[in-house]
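**Student:** In case you want the letters, here they are:
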Amino acid sequence: MNLLALYCTHQTTPLAIRERLAFSSRDRIGRAYAELKNRIPDCESVILSTCNRVEIYLAFPDEDAERTREILSQFLSEFHEIPLEEFSSDLRAAAGPEAIWHLFEVISSLDSMVLGEPQIVNQVRQAYREAEEFGACGPLVHSLFQSAIRVSGRVRSETRLAEGRVSIASVAVGDFAKSIFDQFGDKLVLIVGAGEMAEETLRYLKDEGVREIVVVNRSPDRAERLAKEWGGRAEPWANLDHWLGRADVIVSTTGAEKPIVDVARFRKARAQSGRRPAFILDLGAPRDFESAVGELDDVFLYDIDSLSRTCDENRRARVREIEHARRIVAEEQRRFMEEFHHRASGDVFARLLQDWHAISKEELGRLFNKLPHLTPKDREAIERSVDRIVNKLLHPPLTVLKDEAREGTPHGLINALKRLFRLDG
Amino acid sequence: MIPNVNVVCFLASYCVAFGFDAWRLRARTGWSRLISLVFGAAGLLAHTFYLLLRSNQTQQPPLLSSAHDWLLVLAWLAVLTHLFVSLLDSTIASGIIVWPVVLTLVIGSLFVGAAPQSLDSHRGWAMLHASMLVLGSAAILCGFVLSLLYLWQHRRLKHRQMLKTGMTLPSLERLERYNRWSVLVSVPLLTFGVATGIGLFAFSNVILSWTDPVILGGAFTWLLMCSMFAWLLLGKRPPGRQVALLTAWACGFLLFMMVGLQVLTAALRVPSPHGSQASRHLESTPAADTHAPDTQ
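Protein sequences, first through last, are from chains A and B. Counting from 106, one number per residue, gives the positions in the first sequence under this note's numbering. Counting from 477, one number per residue, gives the positions in the second sequence under this note's numbering.
If you are wondering where the hints come from, they were derived from the structure by calculation, not from laboratory data. By construction, the Cβ of each residue, glycine as well, lies at the ideal position given by its N, Cα and C atoms. A hint or two may mislead.
In silico lysine-lysine, DSS-like type, Cα no more than 30 Å apart, as pairs [said to hold, decoys possible]:
#, chain 1, residue 1, chain 2, residue 2
1, B, Lys634, A, Lys482
2, A, Lys497, A, Lys507
3, B, Lys634, A, Lys333
If you want the footprint, here are the derived chain A segments under chain B, 3+ residues with CB under 8 Å [to be verified]:
#, region
4, 279 to 286
5, 401 to 408
Using the sequences provided together with the hints, build the complete structure.
**Tutor:** So, in structure tokens, the structure goes:
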């Protein structure tokens with residue numbers, strides 16, 4: 106068997122092509138597996154399709170990898186009904202050890218758009234599970250993906266690749282808001298404006314248990330839509346000061362051309378707040394809150410610039426871990442290849458052992474017929490001696506075979522053994 | 477059989493534990509936390525043996541024995557609490573604040589009277605008096621550590637700084653809650669301790685001197701804590717940072733009182749029932765003479 110990975114990713118292919126090549130539904134994935142079996146019988150495959158990558162991993166009987174690549178490319182073209190010329194230059198292929206390396210890098214999130222992001226492991230697991238459900242997996246693919254899952258575990262536990270948050274919303278909530286508030290279930294979140302960043306922040310806040318959300322926006326329709334989506338309520342723009350005074354967490358993304366809240370306005374709005382701390386996430390550019398608001402005693406004001414610095418630092422820290430992660434990937438790739446080659450020579454090994462023991466058993470049967478006076482104890486002793494002779498005779502060639510298998514499948518030796526001992530039959 | 481340990485044994489262990497905890501601020505290493513924990517635990521064990529040994533030698537519980545033992549019991553409580561919290565949360569950065577306080581108490585104990593006092597009559601009341609005061613002081617110590625952690629966290633958040641080496645600080649909300657509770661718990665304990673102290677002096681033959689700096693300082697601290705108690709309970713909810721600042725000052729002042737005044741009375745040989753001079757009429761035990769400048 107050989108291995109091939111055919112893929113297009115966010116690094117190689119524009120989104121416009123990736124989305125056309127994506128396997129968007131379970132139904133389509135099922136049909137794709139059936140079609141692959143049809144085109145390459147005896148193959149084992151896993152299709153990984155996410156927003157950042159479309160990849161097909163294939164284990165196929167020893168054939169020309171280039172030919173298999175052509176078949177796969179053709180399959181993608183015909184399955185998605187896209188002319189091959191439109192995307193062939195965006196496709197990448199890796200065969201044998203390179204295919205293993207690629208999968209291990211993908212699952213370790215070394216190839217992800219956000220280095221160290223955790224979702225890819227679940228996406229690979231999901232793809233593998235689906236392949237199993239559609240009966241597309243075989244022993245080699247099982248072994249490959251189980252090794253891949255182990256690699257991702259090692260990279261996560263032995264490196265700091267996944268440490269430190271790298272998106273503005275996650276840093277704001279995870280590193281700062283959580284350092285102010287112990288719990289969010291009793292906190293009031295005020296969203297001023299209804300931008301995309303506000304939605305992303307709301308996702309993190311919801312994960313922390315936020316229940317009360319108020320959206321204030323100049324356009325009531327957008328406020329209503331956002332509030333409905335996140336289980337909050339929309340309030341008129343005119344009530345902004347009232348809610349500024351009541352909120353514990355304020356996320357602002359208005360897109361106004363100059364700050365909408367200055368110190369005097371904020372102080373007045375908070376006069377009745379009972380000196381509760383306020384966490385303000387100003388995602389507006391230009392900023393919605395005057396920077397002096399952040400100098401008030403129990404106000405913690407964060408803008409995009411201050412959070413971007415933290416994100417960049419965390420990203421740099423993750424980049425410093427790449428080499429360490431790659432060492433683990435290389436180690437695991439070597440280990441997998443050894444097992445892979447071993448498996449290839451293992452069949453010959455087992456058949457040789459089986460044949461020789463069968464011959465010895467046959468000959469012993471004849472001997473015992475000629476010597477009926479032997480006691481069961483004598484017979485057992487003779488059987489043990491003969492087994493030892495067979496094992497000792499086979500030991501040197503099998504050791505050589507094992508040693509050779511560490512460097513790659515020893516096709517020459519395997520063929521020689523097959524021919525010398527007539528193992529084909 | 478209690479091993480023969482002295483103050484230097486656990487003082488050195490605590491110094492090493494502090495060193496490794498401080499190192500965690502500079503570099504993230506799992507082993508530095510482990511080493512700090514191991515040295516902290518070893519120090520606590522030696523500390524426990526030392527208190528037992530002292531108790532055996534003086535035939536008094538450590539709380540009643542001398543100012544030296546009293547300070548060591550307080551330090552022992554602080555270390556025990558810190559190690560417990562560190563085991564619950566491996567990332568918490570409390571050691572940076574707790575260890576210096578512990579070291580101050582232990583070093584301070586070397587400069588105060590170590591000779592045991594005689595309180596055979598009213599022993600139960602004396603025990604209650606000392607226990608309440610040590611528990612109240614432990615609560616204040618706790619408040620001091622919490623308020624410093626609060627101020628550290630507050631400053632970090634205001635300056636948008638990250639704790640980069642994997643150490644964490646509790647949230648402001650939690651620190652404020654615990655800090656408030658530590659003040660609220662300390663005042664009734666101290667009040668009860670002071671009341672039993674007054675009762676004890678009234679019914680025993682020990683002469684109470686209102687010019688005793690330890691008593692004066694203690695009374696002032698008690699009044700200060702009572703004012704804070706009233707301010708927290710009756711006043712309008714103050715901002716967390718203000719509470720933290722006040723607690724830090726009040727508790728810092730108490731620490732100064734506890735250690736500073738004891739050292740002062742010992743150095744100036746001021747007669748005080750809480751200092752070494754009270755034990756002038758008592759026989760000094762050999763263990764009491766092994767570690768401290770003799771004030772007798």
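**Student:** Give a verdict on every hint.
**Tutor:** Against the structure, the hints:
no., hint, verdict
1, B/Lys634 to A/Lys482, "violated, 87 Å"
2, A/Lys497 to A/Lys507, "holds, 15 Å"
3, B/Lys634 to A/Lys333, "violated, 33 Å"
4, 279 to 286, "holds (count 6)"
5, 401 to 408, "holds (count 4)"
Violated hints, in rising order: 1, 3; the structure is consistent with all others.
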